[in-house]
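One-letter residues, chain by chain:
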Amino acid sequence: MITERLSKVQVMTITVGAIFGVDILMVQHYMVKFARQDGWISLAIGGLLSIGFAFVYYLLAILHPDLDLPEIMLKLCGPFLGRLLLFPIALYAVLYAGLSARIFAQALKMFLLDRTPIYAIIGLMLVVVAYSVYKGIYVIGSISDVIFPICVFTIVSMLLMSFQQMDLDRLQPVLFENTDNVVRGIFPGFRHFLGFEIIAYVYCHTYRAKGTYKWFSAGLLIPIIFYVMLTVVSIGVFSVGSLKGLIFPTLTLSKSIEFPATFLERLESFTAVVWIALVFESLILFFYMSVRDFSVLLGISRRYDKYMTFALIAAAYIVSLLEPHGIQVLDYFLTLLSAYTLYTLIIIPPLTGYALLKRRRSKQ
Amino acid sequence: MKRLILVLVILTIPLAGCWDRVDIDMRGYVLGIALDAYPPNPIGQNTSELEASPEEEEPLEKMETQAGRPKYAMTVQLPMLKNSQTAGSGPTGGGFDGSSTWEITQIGDSFISMNREMATRTSLLMYYEHLQVIIISDEIARQGLEKVMDFFLRDPEMRRRVKIFISKGEAKRILDVLPRIEDYASMYLSLIPLNVKKTSRMATDTDLGELIINIHSGLDFVLPKVEAIKDEIKSSGGAAIKNGKMVGWLTELELEAVKLMRNLYRGGVITVRTPGEEEGLNVLEVTKAKSTIKPSIKDNVPHFDIRIKVEGNYAEDVNIHTHGQLDMEYIRMLERTFKKEIESLCTRTIKRMQEEYGADVLQLKRILQTKAPAYWKKIADQWDEIYPSASISITADVTVSLLGLET
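Chains as they are written, first to last, in the numbering used here: chain A, 10 to 373; chain B, 966 to 1372.
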């Protein structure tokens, strides 16, 4: 249902949608690379830290309830410095959308559409994404309402069905002479939860009712729980040695579930539908963020910012197809996540502190 | 109205079909794959009326290799769907006589190139999503499984739950079987392990996924052995795999012992000689078996304490008369006898694995890695030398719960 403002529940579903992305297909692979069988611990700690950082964004948003992040940045830092600081954030959203569309197309090509060209998969997806962003944030809210329960149901089902194949011994020994690696894995774990910054873009469209933060917290916790569970189950099913070699363990996991009924032999076809929906929603939200960033950057009013969508879609499409090597795309994606995480860790907390100080001064 | 027409026109574009559309009758649904060494080892090679392709086909089986020399022969079994309703399956080399399967053999250096070469011999598009079994000849298994498994793991159409078997002799012969019950030999073979709850003489949890997990984890393991005659397949016993290479066969009883000790026992029977009776036999039908392996380190030497708890029902006696005589005392005596038999069987099996094969099929290495990681770190490089002399004690505990319909 399209509402005038986003409800509290939609704050949760949108947050979940923004955090879930192509990371869900491969988070286990990278965590195990860092911390072996303890990768899930790094991920859990990284996730918990991300909640803290997410609330810095939340604080920034509630201090400026009528503005979104790019507008807040311009208001706090002035037109020049604000735009300067905003540019990397705007660029990130486009690059993220382009690279994640490419990674997803690669996964889809491997598991489902082996003869469909990558440019067609990405192109079609981006066209639908563009249309959704063009229709505005309330349509996006409704889309997330629809996708959220389907995704939760599918992921929970997949986890439950995989439990029988798990061998808990593969998670042992826990933290044995591995603490350094676990600590090293916290930052990579943290970066998989990026997307929570969406709150600074959508809060101004909510009812701003009391208790919104509870739904936002739920939106942060759900991906953490699912990512950690997926990592635990994947280690238990595949073992560390095999997991290190699997590029898309979540898809392989769905392919490994055994059903006595042969008509369900290709279960991954059903789960792929859910991954498509998840990545689709994530792309929509990142596109929405980039549209807002570039619109504010270029001084385009809210009334016309939807037209920015088409320009950015073209940019993301080019980004997604620039690199011919699939493995290099994965590297770029992770580097992008790291760079953006570092950048925002440097920029956003001082900005929020400054906003708080400003508020206190204005009250005095 | 114009807008509606425009939408309808646009909708016709996706309705035109997709890139990945392949008509069902154009797909070659590969049900089974057999991997043999080429040229086959003449020593110890079994001969059979079924094993060879017709001589005139051999030139078609060969291909021009690009880099390597032809080392492998891959045979795929395709169901001939148009014939499956009317005919039995079998090795016809082409399905021209109305057979329900077609076994295509290709000789080459890599499996993907053999797979593509097959496209020069059939109009069907090879499709592996419904693959049921991969049968590997013992000759290839002895050379090393990891060498040949990459294609089956890398190709997105392959499934990790595909069952793996090691054939004694030529693997292709298994696909050539004319099964009496199922339509296709591959389906027949893939369904046999479902009886694992009835008999303990078949290996369990031996699919492609488990195989590769074991190889990547550096663990030794057991794969099921498969043999065949013209119209029948038998899967019992196993192949011991050490460092990814087959090192020898396990007998049916040895496999039973390994399953008991590794907590893989799903069901089966244990037979003992009746104490004091020359010909008497007592049979226990095992309903539940659970084992634990506890490591301990004394003077820097590992010791493994294996405890096996077995529950079952008294199923049969042979050559003795026990009608109305099964009292508690007799049951206790039986329990002691079964216990001794289990302990003896397990001890014999361990001894052979340690001394003859040096294969750690109980995966004691993993027990140390997970339960005694500090010790493992010290001896990791010397495990192959330590294992053959590792001290292992077996304690079985047997409970006979039910007696059937008679005492």
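No lab work stands behind these hints, which were simulated from the structure alone.
Where is the CB? At the ideal position from N, CA and C, for every residue including glycine.
Be aware that one or more of the hints could be misleading.
[Said to hold, decoys possible] DSSO-like mimics (lysine-lysine), calculated; alpha carbons at most 30 Å apart, straight line: (1) 1207/B - 1259/B; (2) 42/A - 1343/B; (3) 253/A - 1342/B; (4) 42/A - 118/A; (5) 1316/B - 253/A; (6) 253/A - 1207/B; (7) 1343/B - 1316/B; (8) 1210/B - 144/A; (9) 253/A - 1343/B; (10) 253/A - 967/B; (11) 1112/B - 42/A; (12) 967/B - 315/A; (13) 1253/B - 253/A; (14) 42/A - 1316/B; (15) 1305/B - 42/A; (16) 1207/B - 42/A; (17) 253/A - 1305/B; (18) 17/A - 253/A; (19) 1305/B - 1255/B; (20) 42/A - 1255/B.
[Said to hold, decoys possible] Pair by pair, the computed Cβ-Cβ distance ranges are: (21) 1351/B - 335/A: 41 to 49 Å; (22) 1077/B - 320/A: 19 to 27 Å; (23) 1109/B - 129/A: 51 to 59 Å; (24) 57/A - 1146/B: 38 to 46 Å; (25) 1364/B - 123/A: 32 to 40 Å; (26) 335/A - 1262/B: 40 to 48 Å; (27) 1077/B - 58/A: 43 to 51 Å; (28) 188/A - 1263/B: 24 to 32 Å; (29) 129/A - 988/B: 31 to 39 Å; (30) 1356/B - 253/A: 28 to 36 Å.
[What the hints assert, rightly or not] Example chain A residues on the side facing chain B (calculated, C-beta under 7 Å, incomplete): (31) 120; (32) 125; (33) 189; (34) 190; (35) 245; (36) 248; (37) 265; (38) 281.
These are the hints, each one checked on the structure:
1. 1207/B - 1259/B: The hint holds at about 22 Å.
2. 42/A - 1343/B: Roughly 23 Å between the alpha carbons, so the hint for residue 42/A and residue 1343/B holds.
3. 253/A - 1342/B: 21 Å, holds
4. 42/A - 118/A: 24 Å, holds
5. 1316/B - 253/A: Violated, at roughly 35 Å.
6. 253/A - 1207/B: Given pair residue 253/A, residue 1207/B holds - Cα atoms ~22 Å apart, limit 30 Å.
7. 1343/B - 1316/B: Since the Cα atoms of residue 1343/B and residue 1316/B sit roughly 25 Å apart, the hinted pair holds (cutoff 30 Å).
8. 1210/B - 144/A: 60 Å, violated
9. 253/A - 1343/B: 24 Å, holds
10. 253/A - 967/B: Violated, at roughly 55 Å.
11. 1112/B - 42/A: 24 Å, holds
12. 967/B - 315/A: 25 Å, holds
13. 1253/B - 253/A: Violated, at roughly 36 Å.
14. 42/A - 1316/B: 38 Å, violated
15. 1305/B - 42/A: 47 Å, violated
16. 1207/B - 42/A: 26 Å, holds
17. 253/A - 1305/B: 44 Å, violated
18. 17/A - 253/A: 39 Å, violated
19. 1305/B - 1255/B: Given pair residue 1305/B, residue 1255/B holds - Cα atoms ~17 Å apart, limit 30 Å.
20. 42/A - 1255/B: This hinted pair is violated, its Cα atoms lying about 34 Å apart.
21. 1351/B - 335/A: 41 to 49 Å: The hint (41 to 49 Å, Cβ to Cβ) holds, given that residue 1351/B and residue 335/A are roughly 43 Å apart.
22. 1077/B - 320/A: 19 to 27 Å: Check failed, 42 Å falls outside 19 to 27 Å.
23. 1109/B - 129/A: 51 to 59 Å: 41 Å, violated
24. 57/A - 1146/B: 38 to 46 Å: At 56 Å between Cβs, range violated.
25. 1364/B - 123/A: 32 to 40 Å: Hint violated: Cβ distance 54 Å, outside 32 to 40 Å.
26. 335/A - 1262/B: 40 to 48 Å: 47 Å, holds
27. 1077/B - 58/A: 43 to 51 Å: 44 Å, holds
28. 188/A - 1263/B: 24 to 32 Å: Taking Cβ atoms as reference, residue 188/A and residue 1263/B lie about 29 Å apart, which means the hint holds.
29. 129/A - 988/B: 31 to 39 Å: 21 Å, violated
30. 1356/B - 253/A: 28 to 36 Å: Between residue 1356/B and residue 253/A, where Cβ atoms are some 34 Å apart, the hint holds.
31. 120: 6 Å, holds
32. 125: 4 Å, holds
33. 189: 15 Å, violated
34. 190: 14 Å, violated
35. 245: 11 Å, violated
36. 248: Result: holds, 5 Å to nearest chain B Cβ.
37. 265: Cβ of residue 265/A sits 5 Å from chain B, so the hint holds.
38. 281: 12 Å, violated
In terms of the numbered hints stated before, the structure departs from hints 5, 8, 10, 13, 14, 15, 17, 18, 20, 22, 23, 24, 25, 29, 33, 34, 35 and 38, listed from lowest to highest.
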